[in-house]
Amino acid sequence: MKRIIITLVGKDHVGIIGPVCNFFADNNINILDIKQTTVQEYINMMMIVDIEKYDKDFDTLVSDLDKTGEKVSCIIKAQHEEIFEMMHRI
Amino acid sequence: MVEMKEVFETNDMVSHENLDVRTITMGISLLDCIDSDLDTLCKNIYDKITASARDLVRVGDDIGLEFGVPVINKRISVTPIALVGGSACKSPEDFVKVAETLDSAAKEVGVNFIGGYSALVQKGMTPADRNLILSVPEALKRTERVCSSISLGSTKTGINMDAVRLMGDIILESAELTKEDDSLGCAKLVVFCNPPDDNPFMAGAFHGVTESDRIINVGVSGPGVVKNVLSKVRGENFEVLCETIKKTAFKVTRVGQLFAKEASRRLDVPFGIVDLSLAPTPAVGDSIADIIHEMGMEYAGAPGTTAALAILNDQVKKGGVMASSYVGGLSGAFIPVTEDKSMAYAAEIGALTLEKLEAMTCVCSVGLDMIAIPGDTPATTIAGIIADEMAIGMINQKTTAVRIIPVIGKGVGDVAEFGGLLGEAKIMPVNKFGCADFVNRGGRIPAPIHSFKN
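The listed protein sequences derive, respectively, from chains A and B.
Residue numbers for the first sequence follow our numbering, beginning at 1 and rising by one.
Residue numbers for the second sequence follow our numbering, beginning at 91 and rising by one.
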């Protein structure tokens, strides 16, 4: 399993999660967990996904997520999980 | 399981507080390149550097992309060239040819600086050391990416005052040869007392002779992160202040540790150290002076600044040491003037003077750094400034350095512009009273009594 953290930040509106989930489904990326909060009109979402069966390189994933983000007017980032574990765990 | 709050905290540090990995620096030993023929030496150096660091830039960029924290600089440090070129280089001009080789190799692999055009003369100078030092102005003029550092003193050996005096002339000559660019050559030249062998930061990085063939050293950063977290504890006591800095330094250093291990694995080069230094940039919010302001000073340089910097330096180390398996380099807070917008402003309005900066260097990790002074400053005065700084390092058993830029053709209040990460600042006044009779004495200052620990 190759776990990646996906974060999405932007102004909340109808139809954000649908296109993002479709992108993952189309690319063989399995969603393991989704958490979301909406503060005032802004949405913060975190997904943990498994990219084990994703057959393109990480650069492509990042740039395709940028494009998906543009479609839903949000910023979507993908990062390896270790960065967060290193920073916040002893 | 990673918590959402932690994920967004990390990403806020990157997006809003300029968290980055300042440099991944590959140290490369050039001792096996030594040859008595200059052309063979240069070929050996070029081949070894380009083979060793071929993938450095790509790997640094890949890691930055995958973890979502940018790696700003990818750099190389090499064995002090006075040692490597001693056999082949019979004149300063010969050494310049080696500098040009380093520059070409740096351009070939895509690193923005290569350090190690250096001589270690803290006790005495060999003919090769002297030739290298004499070649520095021309080498810095003819190359773009080569950085030079000269070690002039140490707690163990004392201070080589002949070399200190010589460096007064060399700094002025470097300034003169690059006067069209506000004497930019001097921004790539630093003199040291007690330099570390594993410093990843420029201009002072070199690959010490005690190091292995190749090594990966990483310099982290994060003044903006510390400043932001301190804004949340305004008015709290010193215990809270110190704990807050320590915890933040831990997090920032962990990023460096992760990147260093990852770069080491991907490049198949051993991991050396993480340097914990808080290194500012001219970007808004990426400033040591802003941290000092946040701690309670009206501007950096106000009374209390030295104490604040001492706290900052110590807490950064305490937090950082636990976060990394190997800590080294300079590790502390840098206090450059031109590279830190708020520091430059504090100097401009008179809050920060050269003398106060000197006091601050007693408790920070380096020394007088990126300070523009009038171009007509005498060489003897520059040597005097260097001698003071070397003495602070020697007596306090710490690294100190001087990277000072006499801007030819400009005086106090004029603006010196270096561009990019080197920044800009108004030229600071220097004490007008002379010290020529002192620095011209010649010889060497003996090692201090507390160096005799055997």
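A couple of the hints might just be wrong.
Said to hold, decoys possible - Per the computed footprint, the stretches of chain A lying under chain B, defined by three or more beta-carbons under 8 angstroms from a beta-carbon of chain B, are: (1) 17–26; (2) 41–54; (3) 73–85.
Said to hold, decoys possible - Which chain A residues face chain B? A few, computed with CB under 8 angstroms, are given here: (4) M1; (5) T7; (6) K11; (7) H88.
Calculated from the structure, these hints are not laboratory results.
By construction, the Cβ of each residue, glycine as well, lies at the ideal position given by its N, Cα and C atoms.
Hints, verified against the model:
With a cut-off of 8 angstroms between beta carbons, the stretch 17–26 of chain A has 0 residues touching chain B; three or more are needed, and the interface restraint is violated. Residues of the stretch 41–54 of chain A lying with their CB closer than 8 angstroms to a CB of chain B number 3, which satisfies the three-residue condition for coverage. For the stretch 73–85 of chain A, the proposed coverage by chain B is satisfied: 9 residues have a C-beta within less than 8 angstroms of a C-beta in that chain, meeting the threshold of three. A hinted interface residue such as M1/A counts as satisfied when its beta carbon comes closer than 8 angstroms to some beta carbon of chain B; here the least separation is about 14 angstroms, so the hint is violated.
Residue-level restraint check for T7/A holds (minimum Cβ-Cβ distance to chain B is 6 angstroms; threshold 8 angstroms). With its C-beta approaching chain B no nearer than about 16 angstroms, K11/A sits outside the 8 angstroms limit, and its interface hint is violated. Against a cut-off of 8 angstroms between C-beta atoms, the interface hint on H88/A holds, since the closest Cβ of chain B lies about 4 angstroms away.
In summary, the numbered hints that this structure violates are 1, 4 and 6.
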